[in-house]
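K.L.:
Listed here are the chains, written in short residue letters.
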Amino acid sequence: MTTPYVSIENLNVTFTGGARPVKAVNGVDLRVNRSEVVALIGESGSGKSVTLRSVLRLHNERRTIMTGSIRVGEQDVLKLSAGALADFRGKTAAMIFQEPLLALDPVYSVGAQIVESIRRHENVTHADAHKRALELFERVRIPSPERRLDAYPHEMSGGMRQRAMIALALACKPQLLLADEPTTALDATVQIQVLLLLRELQREFGLSVIFVTHDIGAAVEVADRIAVMYAGRIVEEGPVATLLRAPRHPYTLALLRSRAHGAMEKVDGKRPQLETISGAPPDLSLPQTGCAFAPRCTLANDACKLTQPEANTITAGHSARCLRLDATA
Amino acid sequence: MSTQPLLQIKGLTKHFPLKKNLFGRGDVVRAVDQIDFDVLPGETLGVVGESGCGKSTTARLLMQLINPTAGEVIFDGALVGGRDLPLKEFRRQVQMVFQDSYASLNPRLTIEDSIAFGPQVHGVSKQESLARAHDLLERVGLAPARFAARYTHELSGGQRQRVNIARALALQPRVVILDEAVSALDKSVEAQVLNLLLDLKDAFNLTYVFISHDLNVVRYISDRVMVMYLGQVVEIGAADALFDNPAHPYTRALLSSIPAMDPEHRTEKAAISGDPPNPINPPSGCRFHTRCPVAQAICAQRAPVLGSPHSAHPVSCLIYEPESGYQAEVKSEVTA
Numbered sequence: 002m003t004t005p006y007v008s009i010e011n012l013n014v015t016f017t018g019g020a021r022p023v024k025a026v027n028g029v030d031l032r033v034n035r036s037e038v039v040a041l042i043g044e045s046g047s048g049k050s051v052t053l054r055s056v057l058r059l060h061n062e063r064r065t066i067m068t069g070s071i072r073v074g075e076q077d078v079l080k081l082s083a084g085a086l087a088d089f090r091g092k093t094a095a096m097i098f099q100e101p102l103l104a105l106d107p108v109y110s111v112g113a114q115i116v117e118s119i120r121r122h123e124n125v126t127h128a129d130a131h132k133r134a135l136e137l138f139e140r141v142r143i144p145s146p147e148r149r150l151d152a153y154p155h156e157m158s159g160g161m162r163q164r165a166m167i168a169l170a171l172a173c174k175p176q177l178l179l180a181d182e183p184t185t186a187l188d189a190t191v192q193i194q195v196l197l198l199l200r201e202l203q204r205e206f207g208l209s210v211i212f213v214t215h216d217i218g219a220a221v222e223v224a225d226r227i228a229v230m231y232a233g234r235i236v237e238e239g240p241v242a243t244l245l246r247a248p249r250h251p252y253t254l255a256l257l258r259s260r261a262h263g264a265m266e267k268v269d270g271k272r273p274q275l276e277t278i279s280g281a282p283p284d285l286s287l288p289q290t291g292c293a294f295a296p297r298c299t300l301a302n303d304a305c306k307l308t309q310p311e312a313n314t315i316t317a318g319h320s321a322r323c324l325r326l327d328a329t330a
Numbered sequence: 497m498s499t500q501p502l503l504q505i506k507g508l509t510k511h512f513p514l515k516k517n518l519f520g521r522g523d524v525v526r527a528v529d530q531i532d533f534d535v536l537p538g539e540t541l542g543v544v545g546e547s548g549c550g551k552s553t554t555a556r557l558l559m560q561l562i563n564p565t566a567g568e569v570i571f572d573g574a575l576v577g578g579r580d581l582p583l584k585e586f587r588r589q590v591q592m593v594f595q596d597s598y599a600s601l602n603p604r605l606t607i608e609d610s611i612a613f614g615p616q617v618h619g620v621s622k623q624e625s626l627a628r629a630h631d632l633l634e635r636v637g638l639a640p641a642r643f644a645a646r647y648t649h650e651l652s653g654g655q656r657q658r659v660n661i662a663r664a665l666a667l668q669p670r671v672v673i674l675d676e677a678v679s680a681l682d683k684s685v686e687a688q689v690l691n692l693l694l695d696l697k698d699a700f701n702l703t704y705v706f707i708s709h710d711l712n713v714v715r716y717i718s719d720r721v722m723v724m725y726l727g728q729v730v731e732i733g734a735a736d737a738l739f740d741n742p743a744h745p746y747t748r749a750l751l752s753s754i755p756a757m758d759p760e761h762r763t764e765k766a767a768i769s770g771d772p773p774n775p776i777n778p779p780s781g782c783r784f785h786t787r788c789p790v791a792q793a794i795c796a797q798r799a800p801v802l803g804s805p806h807s808a809h810p811v812s813c814l815i816y817e818p819e820s821g822y823q824a825e826v827k828s829e830v831t832a
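Protein sequences appear in the order of chains A and B. Just so you know, the working numbering puts 291 at position 290 of the first sequence, and the rest follows in order with no gaps. Just so you know, the working numbering puts 824 at position 328 of the second sequence, and the rest follows in order with no gaps.
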C-alpha cells in the first residue's frame, strides 16, 4: 500500500460567527494518492466546499474551529506557521474557483498576476516569469496568448477566464490541484472543453486533484473515485464505475434516481414522475443524533435514528456509512 | 395545423443600445433578432441555448416586461397591447417564475400576502385572495397552517420556489413562463419541483414555456424544444425527435456536450471549440459559422432561413436549403 499524498483524518469544521455554531464538517476522512482525481459531490450545505477550503486553510481563523489533521506530502497543514502556509499555497497546492471574475484581481492584467505568483515562489527574473506565463497561456489554449496576457479579467469571456485561472493555478507547478465547482458557471459547450482540458493537464503533470461539484456528470468525466457528502460527512466512497453501477448508500441511490436523466422513457405517452427525496437536509446548527439522512430515508429504522453509522467496507475501496446496507445490496 | 397556437411570436426583435462612442455612433446588442415561433395550447415548450443566446430576453419580451424593438406577440388571436387585449388583461393570463427565488419575493411580505397581492391588484377582495393563497399553498405542498405567516427568509430555496409558483398561479393564468426556475435548486429538490410542475399543469390546464440550460431537464419536461443561438432560433422540434436526431450542427454540438455518465466511455473530444461570439457584432451569414464543424465559405455570406413555424421540425441551416450553394457531397457525409 502506497502512502497517500493527501490524507485528511477526522476533520471537523465549526463556524462560530453566527448566533449558533454551525458544524459544517463532522469527521471527514479522505485520502488522495499521487496522480489521483477524487470528486467530492453533494448538495449545497453538504460540506464539500468547506472540506476543500480547509486544505488551504482559507476559512477565517477567528470564526472557525478546525480539528483533526490534514497532511499534504510531508506537511501538516493545520500546524503550518503563517509564513509556511503562504509558501504552501500556490506552490504545493493551488485552487481554482467557480467564479474567476471574483477570484482574479480586477485591477491587474491576468499576465501580471501570473508573473507575481511565479516570482513570489521562485527566484526568477521578470522576463523569465513572463515567458513562463506565455507558455502557460499556450498550454491552456487561450487564443492569441501574447495579447491576452495583457488583458484584464473583465475583457475575457467566461470560458477564457476559467482557462486563465487554471494557468494561474498551475503557474508554480503544484502537485495538488483543488477545484471548487470550476465548470458550474460555464455553458454546456464550454464546460466540456474545460473538463477535457483539466483531465489532460492532470495526466500531463501527474496532479493529484480534489474536484468539488454537485454535477455527477462532470465528476464522471474527470474523476477516478467519487466521495458523496451529506450533512458534513462522507456517506459513500468508491471508484467511479462502482459508485454509478452499484451504489449502496440510500442517499446515493436516491440522488442517482432523482436525476431527470434516468426518466426519459415514456409510459402511455407521458414521462414517469421523478423519484424524489422528501424533505430537506438537516440544519447543521442543531445537535445531531444518529444518521443525518435517517429523517429522509425510506429504509431507516429506530437504530438509524440513534446510532451514527461507521464507514463499512463493501469491497476494497468502496465503503458506505449506513446501518441498512443489507437492504441495498 | 389544426390547433390555433395560444401564443404566436412574429419577427420579435430586441436590440439593447450601448453607450455612444466618440463619433456619436452607438453599437447595439442584438439580444433577440427576428424570431418566429408558436406556443400551442397545453404544451410545454422548452427553450435551450447558452448564455447570451437571448432565451431570457425572449421570456421578458413575451411577458412584455421590456418593449420589443420590433415584432409582435399574439395571444389567443389578439395582438398583445392592442385594443382587444390590453396589457393588464394579458399579464393576468401569462405569469412568470424566475431563477432567483429570493430576489423575486418581497422580503417584507409574509408569503400569504405575497401570493394574495396579485389578485388584489386585479380587484379580488382581500378575504377571497387570502383564501385563494391558502388553497394554492396547500397545492404546492406547503401546509398553510405552518407556512402562511412566514417571511421569505424563513424558507429554504425549494420552498421559496414553491411560493413563487403558487404566486404565479394566483391569477389563474393560462401560460406560465419558467425562466431557469429549477436551475438554482439542488438535484433532489429540483426533482420535487419538476414533479409539482407536471401535476399543476394537469390540474390547471396550463401551458408552459420552460427555459433552462440543463438539457436533461428540458428533455424530461418538454413536449417541443426550441434551440437558440446568438439571438436567433436555429431549430424547433418535438423533444424526443430533436434529442434523438438533432438536425442543426449547433444542436448536435450542444447535445454532445452533455457529460457522458459512463466512466468507460468518457467524452474524448469537445464538439466545438471556443466560446459563443459577442452578440454586439454577430458573425455575418449564419451566426454559427465561426464555430461550425461543417461550415463552408457560403455560410459566411448567406443567412439561413428557419422554416415555417407551423412545420414539424424547422431548422435554420444552409445544409437543408436546396440551391443554397452549400456543397452537397459534404452534406451526405454529415447526415450519414
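Since the hints were derived computationally from the structure, they do not count as laboratory data. We put the CB at the ideal spot given by N, CA and C, even for glycine. Incorrect hints may have been included.
Restraint-style ranges between C-beta atoms, simulated for each label pair [unchecked claim]:
hint: 1; chain 1: A; residue 1: A330; chain 2: B; residue 2: A641; range: 40 to 48 Å
hint: 2; chain 1: A; residue 1: D106; chain 2: B; residue 2: S780; range: 32 to 40 Å
hint: 3; chain 1: B; residue 1: Y598; chain 2: A; residue 2: R64; range: 20 to 28 Å
hint: 4; chain 1: B; residue 1: Q668; chain 2: A; residue 2: F206; range: 54 to 62 Å
hint: 5; chain 1: B; residue 1: L514; chain 2: A; residue 2: R64; range: 52 to 60 Å
hint: 6; chain 1: A; residue 1: S45; chain 2: B; residue 2: A645; range: 36 to 44 Å
hint: 7; chain 1: B; residue 1: I562; chain 2: A; residue 2: P107; range: 46 to 54 Å
hint: 8; chain 1: A; residue 1: S70; chain 2: B; residue 2: A599; range: 37 to 45 Å
hint: 9; chain 1: A; residue 1: K267; chain 2: B; residue 2: Q797; range: 23 to 31 Å
hint: 10; chain 1: A; residue 1: E117; chain 2: B; residue 2: A599; range: 34 to 42 Å
K.L.:
State, for the Cβ atoms of Y598 (chain B) and R64 (chain A), whether the hinted interval 20 to 28 Å holds or is violated.
P.N.:
Given a distance of about 24 Å, which is inside 20 to 28 Å, the answer is holds.
K.L.:
Is 54 to 62 Å right for how far apart the beta carbons of Q668 (chain B) and F206 (chain A) are?
P.N.:
Given a distance of about 60 Å, which is inside 54 to 62 Å, the answer is holds.
K.L.:
For A330 (chain A) and A641 (chain B), compare the CB-CB distance with the range 40 to 48 Å and indicate the outcome.
P.N.:
holds (41 Å)
K.L.:
Cβ-Cβ distance between D106 (chain A) and S780 (chain B): within 32 to 40 Å?
P.N.:
Holds - the Cβ-Cβ distance for D106 (chain A) and S780 (chain B), about 37 Å, lies within 32 to 40 Å.
K.L.:
Range first: 34 to 42 Å. Now tell me if the beta carbons of E117 (chain A) and A599 (chain B) are that far apart.
P.N.:
holds (36 Å)
K.L.:
Does the Cβ distance between S45 (chain A) and A645 (chain B) fall inside 36 to 44 Å?
P.N.:
Given about 26 Å between the Cβ atoms, the range is violated.
K.L.:
Within 46 to 54 Å: is that where the Cβ-Cβ distance between I562 (chain B) and P107 (chain A) falls?
P.N.:
violated (29 Å)
K.L.:
37 to 45 Å was suggested as the range; check whether the CB atoms of S70 (chain A) and A599 (chain B) agree with it.
P.N.:
holds (41 Å)
K.L.:
Note whether the CB distance of L514 (chain B) and R64 (chain A) lies within 52 to 60 Å or breaks it.
P.N.:
For L514 (chain B) and R64 (chain A) the Cβ distance comes to about 43 Å; the hint is violated.
K.L.:
So does K267 (chain A) sit 23 to 31 Å from Q797 (chain B), Cβ to Cβ?
P.N.:
violated (42 Å)
Checked against the numbered hints above, the structure breaks hints 5, 6, 7 and 9 and satisfies the rest.
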